[in-house]
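The primary structure of each chain is shown beneath.
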Amino acid sequence: MKILKMPKDNLDLFVSVLPAFGQVYAPVRRGSGYAFAPPARWSEVCMDYTRTHLPPKKFVLPPREPTFRFDPGQGFQDLLAEASTPTVLFGVHAYDIYGLNILDRVFAQGPYKDPYYIARRQSTAVIGADFRPDELHFALSMNADFVDSGFDLFLSDLGDDYLVLVGTSRGDDIVLLSGCLMEEPSVADIAEYKRRSNLRRAGYRNRVKLEDLPEILEMEYHSRVWNEMGDRCLSCGSCSTVCPTCYCFDVSDEVELGSRAGQRVRSWDSCLFKTHALVAGGENFRAARSSRIKFRFYHKQRGFVAEYGRPSCVGCGRCIEVCPAEINIATVIDSIRGERDGSASSSSASA
Amino acid sequence: MTRTITVDHLTRVEGHGGITVHLDGDKIGEVELNVFEGIRLFEGLVHGRHMEDATGIVSRICAICSHGHSITSLRALEDALGVEVSAQTRKLRDLAFQGANIESHALHVFVLALPDLLDHPSVISLAGVAPGTVALALRLKKLGNTIQEIVGGRAVHPMNYVIGGFGKVPAIDDLVSLKAELGRGLDDCKLALEALLKVEVPAFAEEPILCAALEPEDEAFFFGRTIRVGDSRKPARIPVAEYRKLTNEHCVAHSHAKRSAYEGKSYMVGALARLTLNGDRIGGLARTAWDELGLTLPSANIVMNNVAQAVEMVFSVERALAIVNELLEQGVAQEEPAAYRARACRGAAATEVPRGTLFYSYELDARGYVAAADVITPTAQNLSHAESQLRAAVNSGLGSGASDDILKRRLEIVARAYDPCISCSVHLIRTA
Amino acid sequence: MDLQAALPHPPSQMDNPYLPFPARIVRIHRMAPDNYLFQLRFTDAAVAENWNHRPGQFVELSVIGTGEAPISIASAPTRKGILELCVRQAGRVTGALYRLPTNSVVGIRGPYGNGFPVEAMAGHDLLIVAGGLGMAPLRSLLWYALDYREQFKTVTLMYGARTPEDMLFRDELLSLADVVDLNILLTVDRDPGGNWKHHVGLLPELFKKAEIDPQTTYAAVVGPPIVYKFVLLELLKLNFHKDRILMSLERRMKCGVGKCGHCSVGYKYTCIHGPVFTYWDAINLPEVV
Amino acid sequence: MTKPKIGIFGLSGCWGEQIVILNCEDRLLDIVGAVDIVDFLGGSSVNDKESRLDVAFVEGSVANAREEKTLLRIRERAGILVACGSCACFGGIAAMDANRPREEIVRLVYGDAGAFGWDIGPHRPLAEFVKVDVALPGCPMEKEDFLRAVASLLNGDLPLMPAYPVCLECKTRETDCLLVKRGVACAGPVTTAGCGARCPGHNVACIGCRGPVDEANMSSLEAILVEKALAREDVKRKLRTFAVPVLDRETYGGSA
Ligand SMILES: Cc1cc2nc3c(=O)[nH]c(=O)nc-3n(C[C@H](O)[C@H](O)[C@H](O)COP(=O)(O)OP(=O)(O)OC[C@H]3O[C@@H](n4cnc5c(N)ncnc54)[C@H](O)[C@@H]3O)c2cc1C
Ligand code: SF4
Ligand code: SF4
Ligand code: SF4
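These protein sequence lines map, in sequence, to chains A, B, C and D. Going by the working numbering, the first sequence opens with residue 1379, and the numbers climb by one from there. Going by the working numbering, the second sequence opens with residue 46, and the numbers climb by one from there. Going by the working numbering, the third sequence opens with residue -13, and the numbers climb by one from there. Going by the working numbering, the fourth sequence opens with residue 50, and the numbers climb by one from there.
Worth flagging that the hints you see were computed from the coordinates, not collected in a lab. This one's a predicted model, so the numbers in the text were calculated from it and none came from an experiment. Mixed in with the good hints, there may be bad ones.
[Claimed, not checked] Some chain C residues well away from chain D (every beta-carbon gap over 10 angstroms; in silico): (1) Arg13; (2) Arg16; (3) Phe28; (4) Asp30; (5) Thr64; (6) Leu159; (7) Ala163; (8) Arg176; (9) His185; (10) Lys194.
[Claimed, not checked] Label pairs and their computed distance ranges (CB to CB): (11) A:Gly1636 <-> C:Arg16: 22 to 32 angstroms; (12) A:Met1597 <-> C:His227: 40 to 50 angstroms; (13) A:Leu1457 <-> D:Asp75: 35 to 45 angstroms; (14) B:Leu236 <-> A:Gly1636: 46 to 56 angstroms; (15) A:Leu1457 <-> C:Glu136: 26 to 36 angstroms; (16) D:Gly232 <-> A:Cys1558: 51 to 61 angstroms; (17) A:Arg1407 <-> C:Asn270: 41 to 51 angstroms; (18) A:Gly1636 <-> C:Asn89: 13 to 23 angstroms.
[What the hints assert, rightly or not] Derived, one-sided and incomplete: chain C residues facing chain A with beta-carbon distance under 10 angstroms: (19) Pro63; (20) Tyr134; (21) Ala196; (22) Ile198; (23) Pro200; (24) His248.
Think of the CB as a built atom: it goes at the ideal place given N, C-alpha and C, for glycine as much as any other residue.
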């Protein structure tokens, strides 16, 4: 991989070439948090942000996306063109890029490829940036503290400079267009990079043990913990909405007044909602709230392992931050493991 | 021989009401404006609720005046709590009132009243022959709604108004686009005038009208702290805090709404009263409209209220544009609502909503819960006056030998001239 | 790694899996009061030509302007050019479908799902057990077996419906009985008309009437939950291999191609890993049976 | 082809839904073009009160025998009955005190004069009297919901309505959560979405105007708010503003 270095003083010049690659979105303040949004001025951009309200998922799988038009007379015309707007996402943390890579596996690989997702992902240049973990991040535990693919460029703080990883030919084009802002890193720079990476890893305060989680989950399928969570969970869906790798969507047809023509729209859904597994006739395969919250955990931490070899959780800490019921994925794993209050194993047999 | 003339169900008014006139030969007995809207008893609803919840509840008294109810409720709470809102907040609230006035008057003049004057059963049928006029009216109505949405968050039952200010101050972008729309609105006002010039306003009765309206505080035409009652030359003045001297409510058996009388005489509130008492505040295109439409005040013809509303609609478009210009010049501060602390207190406020003066008063306990509340709506005040005008209309109709059908139509036109909001009138709040 | 190179190219309209192909309803056959058979023909001959499905697969059917629903393919793969769907009126989409007249255009995409593992089943006895609407996907399998009769040893169909009126493909099945090498066992729960010449009673009772060798047989079972419950009991009593019992699951679906997340059972997707699962798979998936 | 016949009716309420219909300024002429509005007291003085209606839109709650009769007659005439707004769907704000003695409240308003023997029964949702085919909740109902419902119904389809809570829409606006970050009593998690999370989007707590979401976990939200030092009685009243008759009938808060 091509590795470069850019003095921080050059950042302003560097970002001034980005619009040539698409509409630029960068982390800016939104209330007490942050959001990827077009900055009005570059001074609005917060390079030291913790996490954005919504992950970059919103760019590749928008909350609401018309997919095609239908008309009884004219059949079906896709709206793919709209998915190809060039976009530059600046300042994406490693775990969020990991999140995109996981979505890639679902939407861009396998027997059926999602053309809308692929068009959006391809027209989005991703410029990563490193971060300092706060008390909620547990990306290290989820092996998502570092990424080696899925970005065009990745900036790591070296103090006065950024170390720049060039991930793609488009990334290289950005570097080339920005002129002579970058130089070769020195041995000392690489040493500083390693020192800082170690420091970041040491800085994680939130950790979960992952090694044997799939088996533990399998064994604790009937744990009382799920029922207790079912009592508390509001089914508000906030956790899955803000999750960088939750991708369930609903589909509905919107017709124009006085006609059968219209458009098909897909929009975010959540497995926490009562209707998620409801079928015609009223049968609901996950009618109990506890079964739905359990399903979310299983699907992320167990099911994905079976299908893709790793959990789909990247440890961003968002669902912990937003849950009004203070349901915390890290502590849930601990209590399932029986390490929080020792209740899990003793109660599981009864179910 | 005794008989009655009844209008079973008033159409093209908000809410459910009817008219009954008892006749003994040619002698008129009781004239009743019946209100049979279901009683919603808002007093029970706000009583004991936290002051911060009260406004969201009373907004539901009436959809068309929901911005008026909300802001008046807040002003009463602020009066009680001793909260001073910022100049920007006052300006934005003023803007919201202009929006409400444009929307409500456009709706009433064109959609509810105009079909009468042009002999159509409804605006739908009117649209068949005068589609341009109807489209124009809808554009103006929408303009009023746009203002209300930008400032209040929603056209009906705004949620953005809170004690001390706003949940979210309107965005500059919205004000910029609003400015452009208001500019187009002025052009539409001119077209509206042209359309209205062709309409003849009937007079079914000539009966002197006792008017009441707030004395405008500074430039805000619809806000005030003193009530004027009488005519423009020498009105009596009553501080808002003593509004019961004006309203003097009493109950009558034939109606779910209460009645008001000032010194034993029924009075009228609304656009006609406002222009009669405060007409000196009207300039610009609104003044031109006034002159062109031949509005002479004081008037003894209640149907002229429709004309007064049209003049006010023009006034509101101009005033809204002026406010938006000021805001854009000064910039809009992202300010937090003014701070306040719960304490035992009481306060009152009044505003001029499209249909007339709206009174609110609250008493709060030390923890900030509503201990007592009182709301008096314009239509509630107008009911007695309307009954006297209906009587006059029947009287003159009988004099000229009008048939019962014609009488009924006239009764409807007179009742509708008040732009009555029956949903409002019945939803009186009083806890004590 | 180059991101643009790593991701597949944005597909052209032809490979957009969400875009249905227009198809015309050429015939509607009212098989039962709440069960119609729709015969469809793609409006584009090339699409019809390239269409291939396996028994047990399904399509996503769009009623234009209403929505989409997954429906099993009831016709045999060998019947080129015509697609038959047997649909019960259950809600919005199916309700709107019922209101469409012949000649209307609908949207079809697919075929989706794994279908029955006919290659593995070949060379074995075949036991098809259908309850109610379960006959829809199994009819495709039945016809496949009849079209390739030489690939299978004995073929047995057990089918139970509520009444003779509710029995799907009743005339077709009755007419088959004498002309092909097929062991047909039919039953109805009740016979209000009194003209039913076959068994009256519950579906599992048919097991008493058939000789089945669990060592050489694949069983394909589709029906409502109650059917699974009792039929599986019978099969297990016979000591069937758990991975030679095949069943088709039904879950809410919004895409059919493994993206929307609704049809997941445990950590499998009904639409791509299923809808056909072995009994062994099923008992090892959380949330099934 | 004859146009479908439509009626628009108001029972006890604030006229909000009829105003919302009139507020579809840009679409009114299209609607009038697509349907025949034959019975609409609020809009026309000539109304056909007898003919069969393809669709009846009914706003407001049922407060007395007169309104009950009106409603039953509408049901008889209508193929599809649409309950418009939260008063029609859940009883609405006027039903907030449904459990308090009516006489007591009446005395508060009308004083010793009392109620002159008026019928002052508590406000009830339409579904307690007739079958409701479509419910468009909201106080007031959303313009978009109404337009979408009309478009679907014209095609013979029932409209699709969201069955999930406001939080989903709120999260997509990327604002601070009022409940989590400010400890404010936001009813978003137990309220049906469809408003675009308008209130939280304006930094104002959701007051539940669209009624309880299916299976709302009231008891958990109540416990969460009490933990945040809000008074339990106050929390209860806040969460019981728009849909008391429905909340009392169904057992919400029952857990998994
Ligand atoms: C693999 C598979 C094969 C099927 N084959 C048939 C068949 O051959 N004949 C038949 O009549 N029915 C079949 N069904 C069931 C059929 O899909 C539902 O009856 C249908 O989706 C109901 O849609 P609706 O819009 O009429 O009902 P609504 O209740 O209005 O459903 C709304 C939407 O929810 C989803 N949904 C609801 N119920 C189901 C369900 N049971 N399965 C999947 N999605 C659902 C659909 O997206 C549907 O459009 C099959 C289901 C699956 C999963
Ligand atoms: S955020 Fe919390 S309360 Fe809401 S659905 Fe997720 S787990 Fe349940
Ligand atoms: S502010 Fe309210 S609606 Fe929004 S996420 Fe929080 S609880 Fe839900
Ligand atoms: S946020 Fe709540 S109160 Fe506000 S509009 Fe939506 S449902 Fe109504």
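Fill in: Assessment of proposed distance window 35 to 45 angstroms (beta carbons of Leu1457 of chain A, Asp75 of chain D)
Check failed, 23 angstroms falls outside 35 to 45 angstroms.
Worksheet item: So does Met1597 of chain A sit 40 to 50 angstroms from His227 of chain C, Cβ to Cβ?
Response: Given range 40 to 50 angstroms: violated, Cβ gap about 27 angstroms.
Worksheet entry | Non-interface claim for Phe28 of chain C versus chain D (Cβ beyond 10 angstroms) | The assertion about Phe28 of chain C holds, with a minimum of 24 angstroms to chain D.
Worksheet item: Against chain D, does Ala163 of chain C keep a CB gap of more than 10 angstroms to every residue?
Response: Since the minimum Cβ distance to chain D is about 41 angstroms, Ala163 of chain C lies beyond 10 angstroms and the statement holds.
Discussion item. Hint validation: Pro200 of chain C versus chain A, beta carbon distance must be below 10 angstroms. Holds or violated?
Written reply: violated (30 angstroms)
Practice prompt. Confirm or reject the statement that Thr64 of chain C sits farther than 10 angstroms, beta carbon to beta carbon, from all of chain D.
Written response: holds (36 angstroms)
Practice prompt. With 10 angstroms as the threshold, tell me whether Lys194 of chain C passes as away from chain D on beta-carbon distances.
Written response: Holds: least Cβ distance 42 angstroms, greater than 10 angstroms.
Practice prompt. Could you see if the CB distance from Gly232 of chain D to Cys1558 of chain A stays within 51 to 61 angstroms?
Written response: Holds, since Gly232 of chain D and Cys1558 of chain A (Cβ atoms, about 52 angstroms apart) stay within the stated range.
Worksheet item: Are Gly1636 of chain A and Arg16 of chain C spaced within 22 to 32 angstroms by their CB atoms?
Response: At 30 angstroms between Cβs, range holds.
Worksheet entry | Status of the hint placing Pro63 of chain C at chain A (closest C-beta pair under 10 angstroms) | Status violated, d = 19 angstroms.
Practice prompt. Starting from the hint 26 to 36 angstroms, judge whether the C-beta atoms of Leu1457 of chain A and Glu136 of chain C obey it.
Written response: violated (49 angstroms)
Item to complete: Hold the hint about Tyr134 of chain C up to the distance rule: shortest CB distance to chain A must be less than 10 angstroms.
Response: Interface hint status for Tyr134 of chain C: violated (25 angstroms vs cutoff 10 angstroms).
The structure shown violates the earlier hints numbered 12, 13, 14, 15, 19, 20, 21, 22, 23.
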